[in-house]
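Q: Single-letter residue listing:
Protein chains: 2
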Amino acid sequence: MKTAKTKLTGNMLIAQSGGPTVVINQSLVGAVLEAKRHSEIKRIYGARHGIKGILSEDFLDLKKESAQTLHAIARTPSAALGSVRKKPTAEDCVKLFGILQKYAVRYFFYIGGNDSAETAFIINEEAKKVDYELRCFHIPKTIDNDLRENDHTPGYGSGAKFVACAFMGDNLDNRALPGVKINIVMGRHAGFLTAASALARIYPDDGPHLIYVPERAFDLERFAADVKAVYEKYGRCVVAASEGIVDKEHKSIAAAFIREVDSHGNAQLSGSGALGDLLAGYVKLRTDISRVRADTLGYLQRSFPGVVSQVDAREARAVGALAVKSAVKANADGSIAIRRKPGKKYEAYFELIPLISVAKETRPMPDAFINDEGNDVTQAFLDYARPLVGELPKIGRFKGTKATKPS
Amino acid sequence: MKTAKTKLTGNMLIAQSGGPTVVINQSLVGAVLEAKRHSEIKRIYGARHGIKGILSEDFLDLKKESAQTLHAIARTPSAALGSVRKKPTAEDCVKLFGILQKYAVRYFFYIGGNDSAETAFIINEEAKKVDYELRCFHIPKTIDNDLRENDHTPGYGSGAKFVACAFMGDNLDNRALPGVKINIVMGRHAGFLTAASALARIYPDDGPHLIYVPERAFDLERFAADVKAVYEKYGRCVVAASEGIVDKEHKSIAAAFIREVDSHGNAQLSGSGALGDLLAGYVKLRTDISRVRADTLGYLQRSFPGVVSQVDAREARAVGALAVKSAVKANADGSIAIRRKPGKKYEAYFELIPLISVAKETRPMPDAFINDEGNDVTQAFLDYARPLVGELPKIGRFKGTKATKPS
Numbered sequence: 039m040k041t042a043k044t045k046l047t048g049n050m051l052i053a054q055s056g057g058p059t060v061v062i063n064q065s066l067v068g069a070v071l072e073a074k075r076h077s078e079i080k081r082i083y084g085a086r087h088g089i090k091g092i093l094s095e096d097f098l099d100l101k102k103e104s105a106q107t108l109h110a111i112a113r114t115p116s117a118a119l120g121s122v123r124k125k126p127t128a129e130d131c132v133k134l135f136g137i138l139q140k141y142a143v144r145y146f147f148y149i150g151g152n153d154s155a156e157t158a159f160i161i162n163e164e165a166k167k168v169d170y171e172l173r174c175f176h177i178p179k180t181i182d183n184d185l186r187e188n189d190h191t192p193g194y195g196s197g198a199k200f201v202a203c204a205f206m207g208d209n210l211d212n213r214a215l216p217g218v219k220i221n222i223v224m225g226r227h228a229g230f231l232t233a234a235s236a237l238a239r240i241y242p243d244d245g246p247h248l249i250y251v252p253e254r255a256f257d258l259e260r261f262a263a264d265v266k267a268v269y270e271k272y273g274r275c276v277v278a279a280s281e282g283i284v285d286k287e288h289k290s291i292a293a294a295f296i297r298e299v300d301s302h303g304n305a306q307l308s309g310s311g312a313l314g315d316l317l318a319g320y321v322k323l324r325t326d327i328s329r330v331r332a333d334t335l336g337y338l339q340r341s342f343p344g345v346v347s348q349v350d351a352r353e354a355r356a357v358g359a360l361a362v363k364s365a366v367k368a369n370a371d372g373s374i375a376i377r378r379k380p381g382k383k384y385e386a387y388f389e390l391i392p393l394i395s396v397a398k399e400t401r402p403m404p405d406a407f408i409n410d411e412g413n414d415v416t417q418a419f420l421d422y423a424r425p426l427v428g429e430l431p432k433i434g435r436f437k438g439t440k441a442t443k444p445s
Numbered sequence: 039m040k041t042a043k044t045k046l047t048g049n050m051l052i053a054q055s056g057g058p059t060v061v062i063n064q065s066l067v068g069a070v071l072e073a074k075r076h077s078e079i080k081r082i083y084g085a086r087h088g089i090k091g092i093l094s095e096d097f098l099d100l101k102k103e104s105a106q107t108l109h110a111i112a113r114t115p116s117a118a119l120g121s122v123r124k125k126p127t128a129e130d131c132v133k134l135f136g137i138l139q140k141y142a143v144r145y146f147f148y149i150g151g152n153d154s155a156e157t158a159f160i161i162n163e164e165a166k167k168v169d170y171e172l173r174c175f176h177i178p179k180t181i182d183n184d185l186r187e188n189d190h191t192p193g194y195g196s197g198a199k200f201v202a203c204a205f206m207g208d209n210l211d212n213r214a215l216p217g218v219k220i221n222i223v224m225g226r227h228a229g230f231l232t233a234a235s236a237l238a239r240i241y242p243d244d245g246p247h248l249i250y251v252p253e254r255a256f257d258l259e260r261f262a263a264d265v266k267a268v269y270e271k272y273g274r275c276v277v278a279a280s281e282g283i284v285d286k287e288h289k290s291i292a293a294a295f296i297r298e299v300d301s302h303g304n305a306q307l308s309g310s311g312a313l314g315d316l317l318a319g320y321v322k323l324r325t326d327i328s329r330v331r332a333d334t335l336g337y338l339q340r341s342f343p344g345v346v347s348q349v350d351a352r353e354a355r356a357v358g359a360l361a362v363k364s365a366v367k368a369n370a371d372g373s374i375a376i377r378r379k380p381g382k383k384y385e386a387y388f389e390l391i392p393l394i395s396v397a398k399e400t401r402p403m404p405d406a407f408i409n410d411e412g413n414d415v416t417q418a419f420l421d422y423a424r425p426l427v428g429e430l431p432k433i434g435r436f437k438g439t440k441a442t443k444p445s
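Chains as they are written, first to last, in the numbering used here: chain A, 39 to 445; chain P, 39 to 445.
Do not rely on the hints blindly, as some may be mistaken.
In this list, chains with the same sequence are indistinguishable; a pair is considered to hold if it fits within one copy or across any two.
Stated by the list, open to error - Quick list of in silico lysine to aspartate or glutamate cross-link-like pairs, EDC-like style, CA-CA up to 16 angstroms:
1. Lys437 to Asp96
2. Lys101 to Glu78
3. Lys80 to Asp243
4. Lys286 to Glu385
5. Lys271 to Asp244
6. Lys398 to Glu187
The hints are simulated quantities; they were obtained by calculation from the structure and are not laboratory data.
On a predicted model such as this, the values are computed, not experimentally measured, just so you know.
Okay, chain A solo, but in the shape it has when bound:
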């Protein structure tokens, strides 16, 4: 973080990176609207597809966009500027600064997860090396909710709401046509999104009955035994399993099926039904339950329009605006973290933190959020997640008075 000296006047560049969310455009629009209020910021460039668009000078002139368009964009899922999964090489960085200087960019904002924070950090370090004055900001975003320093991240509340709704419906489906239903939920390293399935429960017999997160070693035999026990109790079983579940050697259960790896070294776990089918096949093999199904919730979790947490949308907008405000007014670099005030009533606040503190490593679920058996979440998690998700659909159920038999 820098201390203010003189007003830094120049152009702004903003870009989006990583997996989309339904509120990432709230952050983009929050930043653009805030930038328009500061005379220090001249042009507002939007790079298409993150770093890739910067390297190819594929820039939109965002001052040419009407307020009406911006407000419509804010409510639209996915990254309106386009996204990318690319980490700049040293060579990229040299080229990149040439472009920043060429376009007189003094304010750079990169919306994304930990990989994007790392990219922003690298860019900032390169800027320092050549003594190029640049306000460099990471704006947090990830449905995985795994950024360090943050109580939670923009995108998570809405993704969690989708997952909770999906399990509410699927639990009712499974109650109507009993059997074992396994749903695979996104989240490469952290179980927060999978855990959100627990918010679907209303009645004591509601699913998901079992929840498996990447923070605990997953064992196929124990899994089959868990399913069998639930099935014996309720005559049915709904399972939430993270795509990122690992065995006791920390080897991904899914990765055995998938070979693709992106430039950040992450195996591609989504966009395939293989893990769900493997788990369903194993339950069939190890039990005599005939109806076993698996669905992979897939990209809908991060892009389904209309299922939005209002708290999430507001906070996503706020972090975008605050990043710009901090860059201009505090002459700072960094990231905007979301923190939570202690107490029963949900109240969030924002804090400016160093870029490096959110880069690279991700944050797992706290132990207090996972039960001892490693197959469910705790009340502490529910208390944590509920205010982030907001209101869920109302579900009715028959009182269920048995009819008297004719005499």
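Chain A is fixed; fit chain P onto it per the hints.
A: Quick look at chain P alone, frame taken from chain A:
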């Protein structure tokens, strides 16, 4: 259909069957509320899990349920009484009538698809054989939209809305992170639900770019060529493929992977990611496109709470009420069909039709709804489907003025 002679007084039995929808409980509640208004109907029994609950005398006393509960149930997805996939055997039918007589049931309503209509028909025939006076009704329901005699069926509009929303989001996701994305949509014999993906398009370059329905022979080579052509044009490609696609010998593409068959002789196509993974694998094999993903939309299509077409909800309620009214007032048997008045403005009406006319065979998409190449829908389909789905989320897009390069 019978002609009215004397008032038939007795108890009512209602049950739900087949795959759930988000509005099947509207029909249930419509029927129950209507029944409460007729003195001819004494007790209202709700059988749990369809025919299975009748055979085991597992009945709820639905007059014991409050109006508040009924209204909450109406808005709740999936079958509140529970569902079943079971066709009664001749032996079942003998037992079944014993139970109907034992419970003095004179009004029987079975909510479901063509298999359920067939079940209702068989029960009615059995009743006639033993000269047991019974008003026997099928109440239509299926997200597949494949019931004969109907312009469309309750459940379809909401399922179609979910599919359209899913593709709206996924198209934006694919636009942000380009590649090939294949989504598998429900619909065993008819392509109506897959076709609804086309409602997601707003801009000319929006996906789905290719739509494959079971009504046209699917050829893997032509599919790969189609994908390649779209990818060359737009740099990305979103595909909607029905789970029910068949080759030119009418053999299911998915069924090669799936062995399970239910008692109606239907192969279990849902609850597995195998077809999507096969298609994605084939694109990778036949093209040099690196990013190819597949999702199977799965059970969310029939059970996701909150994504409801208002037209669909209203009509589902109406057919339930009308079935009861027709049974009591017209002393009739049959099914309630939804028809559409000709003209630009959407207007539906209901007609009492014989049970047999909706039983057994299903209805495919009309030829006029499918393009000549067999890889898309026509404007006629869009005109047909749009009023059934109702309003979709608003999507924003940047005008996209390119920034001028510095001189």
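Q: Confirm or reject each hint.
A: Hint check results:
no., hint, in the structure
1, Lys437 to Asp96, "between (60 angstroms within a copy, 14 angstroms between copies)"
2, Lys101 to Glu78, "within (14 angstroms within a copy, 70 angstroms between copies)"
3, Lys80 to Asp243, "neither (59 angstroms within a copy, 32 angstroms between copies)"
4, Lys286 to Glu385, "neither (38 angstroms within a copy, 60 angstroms between copies)"
5, Lys271 to Asp244, "within (12 angstroms within a copy, 47 angstroms between copies)"
6, Lys398 to Glu187, "within (12 angstroms within a copy, 60 angstroms between copies)"
Of the numbered hints given earlier, the model fails hints 3, 4; all others are met.
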